[in-house]
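There are 2 protein chains.
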Amino acid sequence: MSRVFNFSAGPAALPEPVLREAAGEMLDWHGAGCGVMEMSHRGAEFTSIIETAEADLRELLRVPSGYRVLFLQGGATQQFAQIPMNLLGGGSADYVITGAWSRKAVGEARRMADALGGAVRVAASTEIDGFRRFVRTDELDLDPRAAYLHVCTNETIHGVECFDSAPFARATDVPLVADMSSHILSRPIEVSDFGLIYAGAQKNIGPSGLVIVIVREDLLDRAWAGTPSVMRYRVIADNASMLNTPPTFAIYIAGLVFKWLKAQGGLEAIEAVNRAKADLLYGFIDSSEFYVNPVERSARSRMNVPFILRDETLDKAFLEGARDAGLLQLKGHKSVGGMRASIYNAMPLEGVRALVDYMGEFARRNG
Amino acid sequence: MSRVFNFSAGPAALPEPVLREAAGEMLDWHGAGCGVMEMSHRGAEFTSIIETAEADLRELLRVPSGYRVLFLQGGATQQFAQIPMNLLGGGSADYVITGAWSRKAVGEARRMADALGGAVRVAASTEIDGFRRFVRTDELDLDPRAAYLHVCTNETIHGVECFDSAPFARATDVPLVADMSSHILSRPIEVSDFGLIYAGAQKNIGPSGLVIVIVREDLLDRAWAGTPSVMRYRVIADNASMLNTPPTFAIYIAGLVFKWLKAQGGLEAIEAVNRAKADLLYGFIDSSEFYVNPVERSARSRMNVPFILRDETLDKAFLEGARDAGLLQLKGHKSVGGMRASIYNAMPLEGVRALVDYMGEFARRNG
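Protein chains in written order, with the working numbering: chain F, 1274 to 1640; chain W, 1274 to 1640.
For the record, the hints were derived by calculation from the structure and aren't laboratory data. Take the hints with a grain of salt, since some may be wrong.
As the list claims (entries may be wrong) - If the Cβ cut is set under 8 Å, some of the chain F residues that face chain W in the computed set are:
no., residue
1, 1277
2, 1300
3, 1301
4, 1473
5, 1560
As the list claims (entries may be wrong) - A few chain F residues that don't get close to chain W, going by computed Cβ distances all over 10 Å:
no., residue
6, 1293
7, 1311
8, 1324
9, 1406
10, 1483
11, 1503
12, 1532
13, 1593
Every residue gets a Cβ at the ideal spot worked out from N, C-alpha and C, and that includes glycine.
Could you put together the complete structure from these sequences and hints?
Below is the structure:
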């Protein structure tokens, strides 16, 4: 099969030029005589790769000084435990629940708080509304002495996104901690609104097995004494993400993705494309009698677009027809059913056009 | 530069056919329409990749039933903490120190025991002998009630290897836990001698960012309550290494390496090559007045061969000449100095011949 339009929620499609470059350099990176997978992480070649990757990420996100960028392992799910280990300090943390992922985060944090000593509070939840909107600041029941306030700014399963972090940063003096796994690098953000940002790589950054943490320096020294060395933010920061061997190939691919993003014109440019893609798809869904997206308009994710067919008996035929049309991975998450189109940075507008064309044709044939 | 002979201790050289296959499939794996990095880990394609990798690894190592194979992240260094979290159970563990890596393991275990409650004992150490031999069972000061006995069966920095695990398994009734990072898959082993085997991938398995744990089922349920979900052996076993997104590309490469090993004839065949490589190199060193390897003959690692030049003022010239001859990464670890040739499975006999030829010529020119 030639390359398809791959709507996977993650691991997700990567930019084709990145894959071509990685394939071309697989046996010999820049005349080193070996590929990136085979290089000592302490050598000059890999040092230049990780340093360039960090510099490019800082430039793209305009990371202010006073923040450290860490390349870690274990995925966002490991961060669900690692964050309380590093930041709870025997106190209490506030969590906002806006979908399946923030609900998982609070569950793991509770387990950790029970074991480490400390507490976890739910500051707000939109579960009663079926996770169809983001939370409003006037709903927050905040603990002014909380160790931090945790939010998930894009819910991959429920397709709910927070587009403005400023009101949340203004609502509290405690550090805002954000899981941005599924929309980081999709548009500019204000890093200084946050104490800590984390993101699994396998959507907009690169391969799975890499997670990026951007953390304000004053939060580096609060770790519980039993935090494993590889999980202590201070230790990783002091060792430039190389206390032990980092996931070198994943960092290299992430670096190529950052270069590709810069070549696209950076985050303002990619935001314009992402906005056009989302507008096209949501616009089509709203104009249709056949498809429905349940999320409040102001909170609709530009990255993950869940939708249902009004007649769910057609789901199987829809997915089979999509596959035949070269449109893959459209099945919704098993917890919510229906369909989901994940349209991350690497998905071109052309792919969303092809999806909308197919959806229109399928509706006409079956309407 | 064309491909060199890469003696890196890790990340280390990979078999060229593996790299060629990965490069060729980077944009489209077996007609899937996307590369392995871009696949959902829950789909049929990746499920077949991880299941085949596990089956091939089990076949190569003859893993008995009653053992689970886990694909994890964080490297062996994360296991240094994860093992006490999962196995200490408020008790005491015994550690054998035979080099830099087992010393690191005991340091991390002590930190964990202090925080979790529990203790760590040193059952034996060869540090006073400069880590030039493996430990003998008659030196072991064993706690019969220990939660486990930890050994590192190949010390990457000091070049010391344990070739027979049976006496250690017979010496105690407690589970034997072994760090095999730098010699796993270099020859057949008796898995049933061990309660748990772990190995970072970046030597004989695949890319960094993947660690493999082989654990006996009766050890799955001893975890401390605060162990993060992604670090609980039981949880990972029950979720077939996919509680969250695993490092999919690293697992895929590992699977290709396992296939390559099977095509070489399995572990008996690769052991014969590894023995020939080690015999050639150690034989040359011993016959020379110019180079020295300090390790007792019976414990000399077949994977990591540290050696010094009797005249260390020639070190720089040796390394420069080696580089010009296409022999890279020969500098010894900074903690011990001198040189080190890591000759893992992917290093052909031809590479060791080229090294010995160069060493002979350098000695003649400078002797």
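Hints versus structure:
Restraint check, residue 1277(F) versus chain W: the minimum CB separation of about 3 Å is within 8 Å; hint holds. Because the beta carbon of residue 1300(F) sits about 5 Å from the nearest beta carbon in chain W, less than 8 Å, this interface hint is met. The beta carbon of residue 1301(F) is positioned within 8 Å of a beta carbon in chain W (closest approach about 6 Å), and the interface hint is therefore held. Proximity of residue 1473(F) to chain W holds as hinted, the smallest CB-CB distance being about 7 Å (cut-off 8 Å).
Hint status for residue 1560(F): violated, given a least beta-carbon distance of 29 Å to chain W, over 8 Å. Taking the minimum C-beta to C-beta distance to chain W, about 7 Å, the non-interface status of residue 1293(F) is violated against the 10 Å cut. The Cβ of residue 1311(F) sits about 5 Å from the closest Cβ of chain W, inside the 10 Å cut-off, so the non-interface label is violated. With a minimum CB-CB distance of about 17 Å to chain W, residue 1324(F) clears the 10 Å threshold, and the non-interface call stands.
In this structure residue 1406(F) is separated from chain W by more than 10 Å, as the shortest Cβ-Cβ distance comes to about 26 Å. For residue 1483(F), the requirement that its beta carbon stay farther than 10 Å from each beta carbon of chain W is not met, with the minimum near 7 Å. The beta carbon of residue 1503(F) is not kept farther than 10 Å from every beta carbon of chain W, the shortest such distance being approximately 5 Å. Distance check for residue 1532(F) against chain W: the nearest CB is about 17 Å away, which clears 10 Å, and the non-interface claim stands.
For residue 1593(F), the condition that its CB be more than 10 Å from all CB atoms of chain W holds, with the nearest at approximately 15 Å.
Checked against the numbered hints given earlier, the structure breaks hints 5, 6, 7, 10 and 11 and satisfies all the rest.
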